[in-house]
Amino acid sequence: MNIFLKIITSLRLTVILLSLGMMLVFFGTLDQVNTGIWVTQKRYFESLFVFWSYPAEWAASDTLGFIRIPMPGGYLLGIALIINLVAAHVYRFKLTWKKSGIFLVHIGLILLLVSELLTDVLSRESQMSITEGGKTYYSEAFRDNELVFINRGNPDYDDVVSIPQSILSKKGTIEYESLPFSVRIDQFYPNSVISRRGNQPTMPPTPVTHGLGAHKNRPTDLMVNEQPVRYDDQSVNTVSAIITLTGTDGTNLGTWLVSNLLDDRFPRQTLQVGEENWDLAIRFRRYYHDFGLALHDFRFDRYPGTEIPKNFSSEVSILDDTGSTNQRALIYMNHPLRYGGLTFFQASYDPETEETTILQVVRNPGWLLPYISVLLMGAGMTVQFSMHLGRFASRRKREEAPA
Amino acid sequence: MKQMNWKTWIVPGLAACIALLFLGRSLSDPEYQKAEWKVEAFGQLPVQVGGRIKPMDTVARVNLMLFSERQSLAAKMIPNNPDGYELTATEWLMDVAMDPETAADYRIFKLIFPDDLGLTGLQREDTRHYSYRELEPYIPEIVVAFQGITAEPPQRTAYERQIVRLHNNLVRYQRLTQSFHPAGHLDDLDQFYQGFMDSIPAGMRAFHDQQAGREFDESAFNRFMGFMIQFQNMAQNADLRLVPPPSAEAFEEGDWTNIGLSMMNTIRTQMIDPYASAYARMTQTYQEGDSEAFNDTVAGLNAAFKERYADQVPRVHFEYGFNTMSPFLQSIVLYVLVFLVVCISWLIAPRELGRFAFWLILFTFLFHTFGLVARMYIQGRPPVTNLYSSAIFVGWGAVLLCLILERIYKNGIGSATGSLIGFATLIVAHNLALTSGDTLEMMRAVLDSNFWLATHVIVITIGYSAMFVAGALAIFFLIKGILSKDFSKREAKAINGMVYGIICFAALFSLVGTILGGIWADQSWGRFWGWDPKENGALLIVLIAAIILHVRWGKLATERGMMSLAIFGNVVTSWSWFGTNMLGVGLHSYGFMDKAFMALMTFWGSQAVFMALAAVPYSWWRSEFGQSMATRQQRKQKPKPASVPEPAETT
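Quick mapping for you: the protein sequence lines, in order, are chains V and A. So in my numbering, spot 94 of the first sequence is number 94, and the numbers just go up one at a time. So in my numbering, spot 488 of the second sequence is number 488, and the numbers just go up one at a time.
Hints are computed from structural coordinates only; laboratory data are not their basis. Predicted model only: the values in this text are computed from it and were never measured. Treat the hints with care, since some could be wrong.
[What the hints assert, rightly or not] With a Cα cut of at most 30 Å, we get these calculated DSBU-like pairs of lysine-lysine:
| id | chain 1 | residue 1 | chain 2 | residue 2 |
| --- | --- | --- | --- | --- |
| 1 | V | K6 | V | K99 |
| 2 | V | K6 | A | K555 |
| 3 | V | K94 | A | K555 |
| 4 | V | K98 | A | K306 |
| 5 | A | K306 | V | K310 |
| 6 | V | K397 | A | K493 |
| 7 | A | K306 | V | K397 |
| 8 | V | K397 | A | K555 |
Input sequences plus hints: build the corresponding full structure.
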């Protein structure tokens with residue numbers, strides 16, 4: 001037991017963990033070139049173990065391609081560091097004035113590690129696009145999708161039933177009390193290409209019977225082909241599914257093709273069940289907020305005579321749920337709007353019209369923690385090193401005095 | 001208080017004399033080949049390009065640098081030049097602007113591998129510099145080759161990169177020549193412009209008739225449209241905006257126009273803009289060889305600018321002075337001098353020459369500081385805005401730290417380290433400027449925040465400086481320890497203390513800088529930490545500093561092990577500084593560089609060699625320190641040496 005304690009409280013372990021951390025961060029940076037930041041983050045920093053493999057894109061990958069380097073992932077290292085640190089403080093470290101700075105740095109570090117974990121778990125990023133003169137009450141996450149059924153029968157509100165992508169990917173049959181039919185997921189494509197049949201006349205027909213994708217044995221029929229999922233920051237995956245709907249009485253309501261590609265540019269796919277009309281679609285996961293934003297003006301200023309962006313800004317009003325304005329705000333680079341637990345950042349715009357702004361919407365309840373930990377660590381280091389410097393100066397003085 | 005006598009002052013006085021010599025050399029006017037023309041006045045003319053108002057001289061230097069990797073025309077680049085004269089960048093631009101026939105023969109385009117371009121007939125034994133006239137016949141081929149390139153910049157082959165560079169440079173050259181006047185009428189521009197003015201009334205009438213489908217005066221129409229097509233071409237292609245806005249708008253904000261656009265505007269204004277006609281008169285007098293009339297025109301133009309923009313024109317003139325003074329080039333030479341003096345001082349007179357080196361590096365540091373502050377004044381920004389300026393600043397910060405060390409320890413190590421890093425970083429900056437164009441470029445919107453540039457960027461860059469200082473000190477420790485008999489135990493202890501102190505400093509600044517970066521990221525895109533390459537690079541520096549400190553506190557390595565770790569800090573820091581930019585991903589990489597990759601690999605190789613020095617057995621060390629360690633090892637009779645007792649106060 002003593003040996004075990006000695007190990008987990010030892011500085012040697014700290015140094016080993018920090019070295020492994022350097023390795024993880026380095027390879028986690030290298031891998032971003034090939035897999036993009038999003039996957040790398042999941043694989044390296046939000047994991048327990050990871051294998052780095054020699055990239056196929058590199059020179060001599062035929063002979064060196066077998067190289068695999070195993071290393072502990074971010075979660076494992078983070079937890080191990082916290083244990084090492086806490087154990088050292090409990091069993092080995094004596095809190096004295098001389099070491100108060102180090103103590104502060106360590107507390108700050110623990111807080112930082114915890115806040116990073118919290119951010120991974122709790123934070124949510126989505127995007128909101130608003131056109132000048134328009135208003136928006138929801139934001140969308142381009143990496144996540146949902147299958148929705150919308151009943152627009154009520155003039156005051158729409159009934160929306162949403163099935164998240166995580167459930168779709170398990171296939172199977174889904175029933176829900178407010179839906180007058182059951183949904184069977186026949187095929188699910190996390191990324192796909194939708195093309196006209198004309199290009200592939202030999203392809204077997206799809207089983208789709210209703211809606212935009214209905215098979216009519218013509219060159220204009222739509223075909224779906226699975227594609228590898230893309231994770232880089234620029235790509236958006238075309239999520240598609242083929243679903244069969246069955247009425248509560250067992251009548252077949254048809255097999256449908258739904259895809260996030262078939263968005264507002266296409267006619268709605270609508271299914272009639274008795275008196276009710278239900279629209280069905282796959283779309284980017286939507287988060288509805290209990291307030292909205294109206295865009296008055298989007299500006300993209302450039303330096304004179306160049307295309308170098310000088311400034312992007314969005315002038316918005318915050319609308320409450322009755323649609324009345326209670327606050328105006330200007331969102332621009334480095335100046336986000338914080339409201340209702342969300343933060344809105346100027347992220348992008350529609351390059352064709354330059355009239356539609358795209359705001360990054362972030363919910364991160366733990367956003368304040370890093371600030372606190374940072375203060376602790378900065379203060380701790382300053383205290384500690386000032387004491388070092390003071391001692392160093394007085395020693396120098398003693399040494400120089402006789403000379 | 002010691003008594004001050006002449007002996008106290010002679011060493012700093014001598015250093016000051018040398019510094020003054022350099023200052024005088026840098027302030028004196030260059031020797032102009034075109035001495036009868038007011039070259040300086042032409043070089044000071046303000047022009048708007050790249051979103052910024054700068055002197056013509058900067059335009060000349062930036063373009064010449066991109067074409068030839070030089071800031072002036074060497075004798076071999078000028079044809080039929082038995083006297084071997086050279087041209088300054090501004091003189092070259094004067095020829096490009098006003099005597100393009102002559103300028104087309106200057107061999108300014110540097111091709112690194114002319115044989116590999118696949119252009120038959122271009123290969124030549126004697127030179128790698130080609131003139132525009134020599135390259136002109138190949139332009140169609142080059143354009144075809146350029147259009148065939150589909151790869152993104154990071155994936156391009158050496159051949160493709162060369163084609164892209166040549167193509168872009170030729171386009172750049174054409175855009176430069178189109179900036180001043182329409183081709184083919186240089187010696188009678190006044191008549192040409194007057195002819196255009198005369199053609200406007202009838203031409204416009206004919207144009208309206210033609211548009212309305214009525215009968216129109218065909219000859220008047222054709223004459224007018226002939227002019228308009230030429231001006232339109234100029235307006236579309238011109239690189240430089242020479243004509244300030246007509247109203248008294250602010251200097252910087254207003255959109256200047258180029259000559260082509262300005263001429264097209266005369267249809268509305270009924271008169272040629274005085275700035276445009278002044279440029280025409282300059283060209284014409286230059287063609288005629290009438291230097292007196294030319295000088296009057298340039299002087300008049302400068303006076304007009306000065307009167308209208310009394311506040312801002314001094315800044316443009318200052319930039320011209322800054323260019324000719326080139327304080328960083330002066331500093332490079334001086335740093336080399338300091339390094340030599342320190343090395344000699346160790347051999348013969350450590351005290352006197354050591355003091356001399358200290359004063360000399362102090363004056364060099366002032367040069368360096370002047371350059372840094374001058375750039376801040378010209379740009380109106382904190383010192384670090386791009387990779388180039390970060391190199392200038394890393395060197396500056398490192399020299400400052402080394403000056404402090406030298407002041408404390410007075411053993412020459414600080415001066416040696418400082419001059420070495422100052423020299424190396426300025427060389428890096430010089431090479432970065434070869435490919436980047438204007439180093440005082442405008443800030444993209446994401447980075448446009450003086451507050452964060454002044455805090456996060458500065459703090460993190462000082463962290464780089466400190467890591468390099470620690471690494472360089474460690475290299476001195478190993479080299480002197482192995483080679484120099486004079487390297488005593490006392491000196492070893494001193495350097496060990498320096499490395500420790502500097503690493504503490506580096507840890508503090510890297511950590512605070514990284515964290516400030518996190519806060520900036522949280523402010524600008526809602527993520528405190530995004531595992532972006534540049535962020536990861538900064539984190540690696542924090543980690544290596546933390547490792548070194550914990551190794552020391554836990555006494556887990558001997559002195560030379562610590563030195564080896566500090567040298568590894570150089571590798572990590574250079575990765576964070578340059579390596580991450582070469583990945584071609586990430587939200588805030590300043591730009592991709594390819595030639596730099598080889599340089600980085602070479603640097604890493606050299607650092608690996610230095611780290612390996614730590615493994616040399618103590619018995620081979622020539623120094624007193626090494627010998628004493630060897631004896632200690634023998635006495636202990638252990639396969640691995642126990643660590644050296646640490647001074648108790650430092651833990």
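Taking the hints in turn, this is what the structure says about them:
As the CA atoms of K6/V and K99/V are separated by approximately 21 Å, the hinted pair is consistent with the 30 Å bound. With a CA separation close to 16 Å, the supplied pair K6/V and K555/A stays within the 30 Å bound. At most 30 Å may separate the alpha-carbon atoms for a hinted pair to count; K94/V and K555/A meet this at roughly 18 Å. Pair hint K98/V plus K306/A does not hold up; C-alpha atoms about 62 Å apart against a cutoff of 30 Å.
Distance hint between K306/A and K310/V is fulfilled; the C-alpha atoms sit about 27 Å from each other, no more than 30 Å. For the given pair, K397/V sits about 16 Å from K493/A by alpha-carbon distance, which is consistent with the 30 Å threshold. Proposed proximity of K306/A and K397/V is contradicted: the alpha carbons are some 57 Å apart, above 30 Å. Taking the CA atoms of K397/V and K555/A, the gap is about 26 Å. The hint holds against a cut of 30 Å.
Going through the hint list in order, the structure does not satisfy hints 4 and 7.
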